[in-house]
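Participant: Which chain is which? The protein sequence lines are V and W, in order.
Going from the first sequence to the working numbering is simple: count from 1 and add 1389.
Going from the second sequence to the working numbering is simple: count from 1 and add 21.
Hints listed in this document are in silico derivations from the structure and should not be mistaken for laboratory results.
A couple of the hints might just be wrong.
Stated by the list, open to error - Calculated pairs, EDC-like style, for lysine to aspartate or glutamate (alpha carbon to alpha carbon, straight line, at most 20 Å):
hint: 1; chain 1: W; residue 1: Lys92; chain 2: W; residue 2: Glu122
hint: 2; chain 1: V; residue 1: Lys1427; chain 2: W; residue 2: Glu100
hint: 3; chain 1: V; residue 1: Lys1459; chain 2: V; residue 2: Asp1411
hint: 4; chain 1: V; residue 1: Lys1427; chain 2: W; residue 2: Glu73
hint: 5; chain 1: W; residue 1: Lys78; chain 2: W; residue 2: Asp59
hint: 6; chain 1: W; residue 1: Lys30; chain 2: W; residue 2: Glu122
hint: 7; chain 1: V; residue 1: Lys1459; chain 2: V; residue 2: Glu1406
hint: 8; chain 1: V; residue 1: Lys1392; chain 2: W; residue 2: Glu80
hint: 9; chain 1: W; residue 1: Lys35; chain 2: W; residue 2: Glu122
hint: 10; chain 1: V; residue 1: Lys1392; chain 2: W; residue 2: Asp59
hint: 11; chain 1: W; residue 1: Lys78; chain 2: W; residue 2: Glu51
hint: 12; chain 1: V; residue 1: Lys1392; chain 2: V; residue 2: Asp1418
hint: 13; chain 1: W; residue 1: Lys92; chain 2: W; residue 2: Glu73
hint: 14; chain 1: V; residue 1: Lys1392; chain 2: V; residue 2: Asp1407
hint: 15; chain 1: W; residue 1: Lys30; chain 2: V; residue 2: Glu1433
hint: 16; chain 1: V; residue 1: Lys1392; chain 2: W; residue 2: Glu122
hint: 17; chain 1: W; residue 1: Lys91; chain 2: W; residue 2: Asp59
hint: 18; chain 1: V; residue 1: Lys1459; chain 2: V; residue 2: Asp1418
Claimed, not checked - Which residues of chain V face chain W? A partial, calculated answer using Cβ under 8 Å:
hint: 19; residue: Lys1405
hint: 20; residue: Pro1429
hint: 21; residue: Leu1434
hint: 22; residue: Phe1436
hint: 23; residue: Phe1443
hint: 24; residue: Phe1457
hint: 25; residue: Asp1475
hint: 26; residue: Ala1477
hint: 27; residue: Arg1493
hint: 28; residue: Gly1497
hint: 29; residue: Arg1498
hint: 30; residue: Val1504
C-beta: ideal position from N, C-alpha, C; glycine also.
Chain residues, written in single-letter form:
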Amino acid sequence: AQKVTQAQTEISVVEKEDVTLDCVYETRDTTYYLFWYKQPPSGELVFLIRRNSFDEQNEISGRYSWNFQKSTSSFNFTITASQVVDSAVYFCALSEGRGSTLGRLYFGRGTQLTVWP
Amino acid sequence: NAGVTQTPKFRVLKTGQSMTLLCAQDMNHEYMYWYRQDPGMGLRLIHYSVGEGTTAKGEVPDGYNVSRLKKQNFLLGLESAAPSQTSVYFCASSYSSLAQETQYFGPGTRLLVL
């Protein structure tokens, strides 16, 4: 079973629209960490944010914001006033806090975001 | 700091050929990882290393071998390449194995096996 599900395979928006990328995770651990990475067309993976399971405060960084809800096992990512440069594949990932899976990252399949001018 | 670097950037192999992908990091990280990325599959862990001289299998280790002779380098070998190994390979490193440690990725190596 997928530990991280990104149900949206592709999203297209027009510049300046807001867009939310969904991420649903599955874990039995009480301690875990969630990550978002961005993969622009150039191909590299860029770290965006890390969140631990004990901190449910929303995070805002410029036009980016993240909504972490343990009740629904979701860690959604919103881009406000999207720009063409936001076009990329975005990956959500989970790291569990104990046992043999310590430190191992489980990735979702990614969401391809295309922002049209 | 260069961070994590990978060589080569792109390679074409014929079925049955062998090759080695090199990953280097200058962040003094203990942990290093090799992933493969296939369309619609996200990234899957091939092998990882918890320190110099030690390696372990990940999710999809078959057909690959690895070595970590120096702390800063992590090599991924394909002994007899198969078309199913056509993929983009990413190396990553982290300071420790703790779940909260961020993994930093290299730029990737595109491999095409004909």
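Participant: If a hint holds in the structure, say so; if it doesn't, say that too.
Facilitator: Now for the hints, and whether the structure bears them out:
1. W:Lys92 / W:Glu122: Satisfied, since the Cα-Cα distance of roughly 18 Å is no more than 20 Å.
2. V:Lys1427 / W:Glu100: Violated, at about 32 Å.
3. V:Lys1459 / V:Asp1411: 14 Å, holds
4. V:Lys1427 / W:Glu73: This hinted pair is violated, its Cα atoms lying about 29 Å apart.
5. W:Lys78 / W:Asp59: 19 Å, holds
6. W:Lys30 / W:Glu122: 26 Å, violated
7. V:Lys1459 / V:Glu1406: Distance of about 27 Å is beyond 20 Å: violated.
8. V:Lys1392 / W:Glu80: 13 Å, holds
9. W:Lys35 / W:Glu122: Answer violated: W:Lys35 to W:Glu122 is near 38 Å, above 20 Å.
10. V:Lys1392 / W:Asp59: 17 Å, holds
11. W:Lys78 / W:Glu51: 16 Å, holds
12. V:Lys1392 / V:Asp1418: 12 Å, holds
13. W:Lys92 / W:Glu73: 5 Å, holds
14. V:Lys1392 / V:Asp1407: 27 Å, violated
15. W:Lys30 / V:Glu1433: 11 Å, holds
16. V:Lys1392 / W:Glu122: Given pair V:Lys1392, W:Glu122 holds - Cα atoms ~19 Å apart, limit 20 Å.
17. W:Lys91 / W:Asp59: 29 Å, violated
18. V:Lys1459 / V:Asp1418: 12 Å, holds
19. Lys1405: 29 Å, violated
20. Pro1429: 11 Å, violated
21. Leu1434: Where the cut-off is 8 Å and the nearest Cβ of chain W is about 4 Å from V:Leu1434, the hint holds.
22. Phe1436: 6 Å, holds
23. Phe1443: 11 Å, violated
24. Phe1457: 14 Å, violated
25. Asp1475: Since chain W brings no Cβ nearer than about 19 Å to V:Asp1475, farther than 8 Å, the hint is violated.
26. Ala1477: 14 Å, violated
27. Arg1493: At 6 Å from the nearest chain W Cβ, V:Arg1493 passes the 8 Å test, so the hint holds.
28. Gly1497: Since the shortest Cβ distance to chain W is 6 Å, the answer is holds.
29. Arg1498: Check passed: Cβ of V:Arg1498 comes within 4 Å of chain W, closer than 8 Å.
30. Val1504: 21 Å, violated
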